[in-house]
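Student: Okay, here's what each chain looks like letter by letter:
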Amino acid sequence: MASGDSKQRREWEAEFAAAAARPLRTRMRYAFIRTYKPVLDDAPYRSFDTMAEYRQWCQKNLPDWLGYGSAV
Amino acid sequence: MAARFDYAQAEEIARAFASYGVRYLFIGKSGAILLGYPDTTQDADVFAAKGEANGRAIVAALRELGFPLSDSQAAEIVRGKDFVQLRSGPFDLDLVFAPDGIETFDDAWRRHVDVEGFPVCHLDDIIASKIASNRQKDRESLPRLQAFREYWLRHRE
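Residue numbers (the numbering used here), protein chains in the order written: chain B, 73 to 144; chain Y, 114 to 270.
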């Protein structure tokens, strides 16, 4: 398991180094994507008085697979 | 659906916010990406200081950028919500006025990093915020983000 972790770490470090070699403009072109997120993208504006209220709204209204729900 | 966020739009935010004197920082995964973290995201997250003057400045800057804010929405931003999600403008933008895991805007500002003119939260604050929010998607990505923190600290000039 430990060797798997260190392999993973080496792969990540290679990704970090490759990203660092690119100009910021290029990094941003690769990083920002656009896909439709159900419910979340269906209203032009939402606001919440508190972050707790926002988290509760995410938990209650968004599909689990989006990952906005609370981690167990 | 709004256009994909890009470098030019980040520059537009920086220019418009600077011209109105908005006190803000990029935060979240978009902030980490500005710091060099290789990953993908959809929207820009901005941590803005709470307060009426900053709220008015944000509204003016957002309207200039093309966000069609109604008077009631503008009033909410000025009054000070903790979280505002904008999906009606030229790009998707989340305004966070009280991110989990960060005490105050001034604390974050003291630690912030300038990346080619973009003010960005320190990676420690971005990570603290993600830990405190305790979302499933953040929990899953934290090990890689924490590994990036170590890399970033080693390679910072």
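Note that these hints are calculated values from the structure, not bench results. Cβ atoms here follow ideal geometry from the backbone N, Cα and C, with glycine treated the same way. Careful, some of the hints might be misleading.
Claimed, not checked - Ranges of calculated distance between the beta carbons of each label pair, as one might list FRET restraints:
1) R192(Y) x S75(B): 20 to 30 Å
2) A115(B) x G179(Y): 35 to 45 Å
3) A90(B) x Q259(Y): 31 to 41 Å
4) S78(B) x K163(Y): 18 to 28 Å
5) V228(Y) x Y108(B): 27 to 37 Å
6) S183(Y) x V144(B): 20 to 30 Å
7) R252(Y) x P95(B): 40 to 50 Å
8) S75(B) x V228(Y): 31 to 41 Å
Unchecked claim - Below are the DSBU-like pairs computed for lysine-lysine, each with C-alpha atoms no more than 35 Å apart in a straight line:
9) K163(Y) x K79(B)
10) K109(B) x K132(B)
11) K250(Y) x K109(B)
12) K109(B) x K163(Y)
13) K132(B) x K250(Y)
14) K163(Y) x K132(B)
15) K250(Y) x K163(Y)
Student: A separate judgement is required for each hint: does it hold in the structure or not?
Tutor: Evaluated hints:
1. Look at R192(Y) against S75(B): about 55 Å separates their beta carbons, and that is not inside 20 to 30 Å.
2. As the Cβ distance of A115(B) to G179(Y) is approximately 18 Å, the hint placing it in 35 to 45 Å is violated.
3. Look at A90(B) against Q259(Y): about 19 Å separates their beta carbons, and that is not inside 31 to 41 Å.
4. Between S78(B) and K163(Y) the Cβ separation comes to about 44 Å, which falls outside the hinted range of 18 to 28 Å.
5. For the pair V228(Y) and Y108(B), the supplied restraint of 27 to 37 Å holds, since their beta-carbon distance comes to about 29 Å.
6. Roughly 39 Å separates the CB atoms of S183(Y) and V144(B), a value that falls outside the hinted 20 to 30 Å.
7. A hinted range of 40 to 50 Å is violated for the C-beta pair R252(Y) and P95(B), which are about 31 Å apart.
8. For the pair S75(B) and V228(Y), the supplied restraint of 31 to 41 Å holds, since their beta-carbon distance comes to about 35 Å.
9. For a cut-off of 35 Å, the pair hint linking K163(Y) to K79(B) is broken: about 44 Å separates their Cα positions.
10. Taking the CA atoms of K109(B) and K132(B), the gap is near 15 Å; set against the 35 Å cutoff, the hint holds.
11. Simply put, K250(Y) and K109(B) have alpha-carbon atoms about 14 Å apart, close enough for the 35 Å limit, and the pair holds.
12. Proximity of K109(B) to K163(Y) is assessed by CA-CA distance (about 28 Å); at most 35 Å being required, the pair is judged to hold.
13. For the given pair, K132(B) sits about 16 Å from K250(Y) by alpha-carbon distance, which is consistent with the 35 Å threshold.
14. For the suggested pair K163(Y) and K132(B), the alpha carbons sit about 27 Å apart, so the restraint of at most 35 Å is met.
15. This hinted pair checks out: K250(Y) and K163(Y) have alpha carbons roughly 27 Å apart, not beyond 35 Å.
Hints 1, 2, 3, 4, 6, 7, 9, counting from the list given before, are not met by this structure.
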